[in-house]
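J.: Sequence:
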Amino acid sequence: AAASEVKSVANHPPQFITTDSDNPISIGCVGSGEIHSRISADQKQGTASFVIPPRKTTQRFLIYYQITPENKTIPAEHASRLSPPESLQSQLIPGPPRWTEILTTRGALSQQDAPYVVDTLTIPHENPYRALFFISGHDFLENGDLAVSTVHGDVWLVSGVDAELSELKWKRFATGLFQPLGLKVVNNKIHVLGRDQITILHDQNRDGEADFYECFNNQIPTSVGGHDYVTCLETDSFGNFYFMHAQQGVMQITRNGRRLNQIAAGFRNPNGMGMGPGNIITASPQEGNWTPASNITEVKQGGYYGFGGPRISADRPLGYDPPLCWIPRLQDNSSGGQVWVTSQDWGPLEKQLLHLSYGQSKLLLTLREVIAGQAQGGTVTLPLEFESGIMRGRFSPADGQLYVSGLRGWVTNAVHDGCLQRVRFTGKAVHLPVAVKTMQNGISLTFTSPLDRKTAENPDQYAIQQWNYLWSQNYGSPEYRVSAPQIEGRDEVEVLSATLLPDQRTVFLELSRVIPVMQMGISWQLTSLSGEPLKQTYYHTINSVPSRKMDESILA
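Per the working numbering, the very first residue in the sequence shown carries number 15; after that it's consecutive.
The set of hints was computed from the structure by calculation and includes no laboratory data.
Just to be clear, a hint being listed does not mean it is correct.
[To be verified] List time: in silico DSBU-like cross-link candidates among lysine-lysine, alpha-carbon distance up to 30 Å:
{"#": "1", "residue 1": "Lys-442", "residue 2": "Lys-468"}
{"#": "2", "residue 1": "Lys-563", "residue 2": "Lys-468"}
{"#": "3", "residue 1": "Lys-185", "residue 2": "Lys-314"}
[Stated by the list, open to error] Using C-beta positions, here's what the derived DEER-type ranges look like:
{"#": "4", "residue 1": "Asp-56", "residue 2": "Ser-561", "range": "46 to 54 Å"}
{"#": "5", "residue 1": "Asn-293", "residue 2": "Leu-96", "range": "48 to 56 Å"}
{"#": "6", "residue 1": "Gly-240", "residue 2": "Ser-561", "range": "43 to 51 Å"}
{"#": "7", "residue 1": "Gly-441", "residue 2": "Gly-240", "range": "30 to 38 Å"}
Quick reminder that beta carbons are idealized off the backbone N, C-alpha and C, glycines included.
Start from the sequences and build out the full structure, keeping to the hints where you can.
T.: What follows is the structure in C-alpha cells.
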C-alpha cells in the first residue's frame with residue numbers, strides 16, 4: 015500500500031502513480047478551487063481511495079484515472095482540460111418510467127396433505143430486460159406487496175401476493191446496485207444492502223420506479239475479494255441495522271446512519287443472520303478453514319467465533335466462543351440466515367427459531383436452551399423441499415405465513431437460479447419437538463402434541479450417537495469419537511430409560527453419562543396419541559451440562 019498528501023487547484027490536479035505494473039495508473043481529482051485530500055492506493059487489492067475533508071461550502075470535483083503506458087504521468091495539458099462537473103440540480107427532477115412492462119406470472123399452490131406446505135411465487139425468468147433472478151433478499155411493504163432484490167443489482171416489486179397467487183405482477187423498481195444481498199423495509203422505505211453501502215430507494219413521483227438512490231451509510235469496507243460479500247440486513251428494536259461482512263463479522267449501523275460498529279468477529283464467508291426477541295442476534299458461517307462444520311451462533315458483543323485461528327484467554331479457553339449448535343454436513347453444508355416465528359397464524363411454532371440451509375435447500379427448526387448465560391441447542395430438518403438455496407425469510411403481516419427466497423450458486427443442491435416461496439400452515443396437526451433440556455442424567459424433549467405412552471416409554475424406539483469435530487486450519491472436519499478423540503467415527507449412547515411426563519408431550523431420556531459434546535444425534539420412531547407416526551432425528555450440541563437433574567423416582 016502507498017499514500018501521498020496532495021493539494022490541487024484547477025490547473026494542477028494531483029496525481030498518484032502505481033509503479034509495479036507494466037501499465038501504471040494515474041489517478042487524481044480536478045475541482046473548482048483548492049481541494050485538500052489524501053490519496054491512498056492498495057496495489058495488492060487493486061484499490062485506490064480519496065479522503066477529502068468536509069467543508070462548509072458546496073464543492074464540485076471530478077475524480078479521474080488513466081492508464082499511463084511506459085510509466086509516464088498523465089500529460090499536464092490533458093489534465094488541465096478536465097473540468098469539474100456542472101451542477102447536477104437539473105438531474106434531480108424525477109423523469110418518466112424506464113421499465114414500463116409489468117410482468118405477470120401465476121403462482122403454484124401445493125397440493126400436499128401436510129401441516130406445512132410450500133407454495134411457489136413463479137419468477138419471470140423470461141423477460142424483456144433479460145434480467146436474471148438470483149434472488150438475494152425480500153421484505154413486505156405496508157400494502158402487502160413484496161420488494162425483492164437480486165444479486166445482479168435489481169429490486170422488483172411484486173403485487174398480487176394473496177391466498178391464491180393467481181396473478182402476480184412484477185415491476186422493476188431499481189437496478190444498478192452493487193451485489194445486493196440483503197433487503198429490509200423500514201418505515202415503508204426499501205433499504206438495500208450492497209457490497210458498498212446501504213441504499214434507501216425513493217419513488218418521488220410515485221410511478222413505480224425509484225428516482226432517488228439515497229446513501230444511508232457507505233462506511234462498509236469494500237474490496238475486490240471474490241468471497242468478500244456483505245450479506246443479510248436486519249434491524250433491532252431500537253432501529254439499528256445489522257449485517258454480515260466477510261472480513262469483519264457481525265456489523266451494526268446506528269439508526270441514524272452515522273456510525274459503523276463491529277459487534278463480533280470470526281465468521282467464515284457468512285451468508286446470513288437473524289434478529290430475534292430481546293434483540294438476540296444469530297449468525298452462521300460456512301464450513302471450511304477454522305470452521306469444522308456448519309453452525310448457528312448466538313452472537314455476543316465482542317465475541318470471537320473461530321475463523322482466523324485461536325484467541326485463547328481466561329474467558330475463551332477453547333480459543334473461540336462456542337456456537338449455539340453445530341450442524342452435520344448432510345443436514346446443512348452451507349448456511350443461509352435465520353428467522354424467528356413471529357406469527358400466531360403459523361401453527362404451534364410461534365417464537366421458535368428457524369434456520370435456512372442454502373446448501374441443502376432446507377428449513378431447519380432450531381431448539382435452544384440457556385445454561386449459565388451460554389446458549390446451546392440443536393436442529394431438526396422439516397420435511398419441506400425448495401427450488402433453490404434458501405437464504406432469507408420474512409413473515410407476512412398480511413397472511414402470517416413464512417416467505418423464503420434464495421438462489422443457486424456454489425455448493426448447493428438448488429435446481430433453479432432463484433426462488434421465492436411461501437411456507438403455509440394448513441391447520442393439520444403438527445408433530446415436532448419444540449423444547450430441549452439437558453440435565454445431569456439425561457435429556458428431555460417436548461413435542462407440539464401428546465405422545466402415545468407405549469412407544470414413548472420404550473427405550474428401543476430411540477437411537478443416540480455422539481461425536482466431535484476437530485477445529486483446525488484444515489478445511490472442515492471428519493467426525494471423531496468422543497471416547498477415542500483420535501479415531502474417526504461416532505459413539506453409541508445407551509438410553510437407560512424413557513419416561514413420558516404428565517403433560518404427555520415431554521419425554522425424558524435417561525442416559526448413563528452426559529458430557530459436553532459438539533454433536534449428538536437423537537433419532538426416534540414414535541407414535542402420537544392420535545396415531546400419527548413420528549420418525550425424526552434431532553442434532554443437539556452440549557456446550558455445558560447444568561447441575562439440574564431429573565427426579566429419578568419418577569423414571570419409568
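J.: Provide an ascending list of the numbers of those earlier hints which the structure does not satisfy.
T.: 3, 7
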